[in-house]
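Hey, can you work out the whole structure from these sequences and the hints?
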Amino acid sequence: MTQKVFLVVSLLVSQLITAQIGGKATYQFLNLVNSPRMAALGGKVVTNYDYDPTQALFNPASINPEMDNQLSLNYTNYIGDVNYGTATYAYLWDRRTQVLHGGVTYVNYGKFDGYDEAGNPTSSFSGGEVALSLGHARNIAFTNFHVGVNLKLISSTLENYSSFGGALDIGVMYVYEDWDLNITGVARNIGTQFTPYFEDYEPLPFELIFGISQTLQNVPIRWHFTLENMQQWNVAFSNPAREETDLEGNTKKENINFIDNAFQHMIVGIELFPESGFNIRLGYNFRRGQELLIVEKRAFAGLSAGFAIKLNKLRLSYSYSKYSTAASSSFFGLNIDLQ
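Heads up: the sequence shown begins at 317 in our numbering, then just goes up one per residue.
Think of the hints as simulated: they come from the structure by calculation, not from any bench.
Within a straight-line C-alpha distance of at most 27 Å, the following computed DSS-like cross-link-like pairs (lysine-lysine) qualify:
(1) K340 x K638
(2) K638 x K427
(3) K340 x K569
(4) K340 x K427
(5) K626 x K638
Simulated DEER-style distance windows between Cβ atoms:
(6) W549 x D429: 37 to 45 Å
(7) T531 x Y431: 50 to 58 Å
(8) P536 x Y636: 16 to 24 Å
Quantities reported herein were computed from a predicted structural model and do not represent experimental measurements. Note that CB positions come from ideal geometry on N, CA and C, so glycine has one too.
Laid out in structure tokens, this is it:
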């Protein structure tokens, strides 16, 4: 039975491994930053193995008994009039430390003015998307490996068009408690549209993510290192603002090499005082920093920062992410211990 399941998953991954990043897939909201903690650490972290149930939305292998009866609510004031949020909860349902995790992600795109082909105004319309997830993780007996799966149902409505789909997230995490070291890999958004918006079925934003994190000995710092979008190596592109023109009028594009692509897969973050009642978080997203860079102007694109305060059974979080000189986002979160 295990071999059959592995074969099915392998076939799904092989079909989706060519999925493109950026805007070439539907349900892109599945990859939105889902909490202030994740936003502050660079926008994509998959290695937290602790109380935070929001982490499981990106990596189901992180589901663990410490999440029992933890409720997390998160809200993001995104770019323009777009607002989105997440809600997650985990429950320990038997003595063998079996934890069930549930979550919801929603996006409200706001209202838009409608126009026909001739430019005449019509009625206004709105758009929104939602994903429901159910997750579970198991420890592989007598090892430090944990395997988890999320099942997701997805609904999307954009003007008069609607779509319904489903997806899987599969994660594997190695937790070495002696060194406080976590190593993980996640295959996200393995799925399909059940009903398309019109006639053509579109791919989902499949992604492979790898991460490692560790708390330093005798130093109150936990570092995080993430490799995103590893299903596609070539993610860097030449910046037109960096083109050079010689005396003969010939234009030379920016040269993109192996190192450029390697760095644009990287995200780094640190948490200061991770175990205390107050902690500070900092992160840098290399790809965001390069893609939104304004040449000869310091815009701090790719940088993010935040903090968390624990008050008895409440944990308040806030983070701020800089995208460019014209765009930034604030993230708000509340974790509630219901025990």
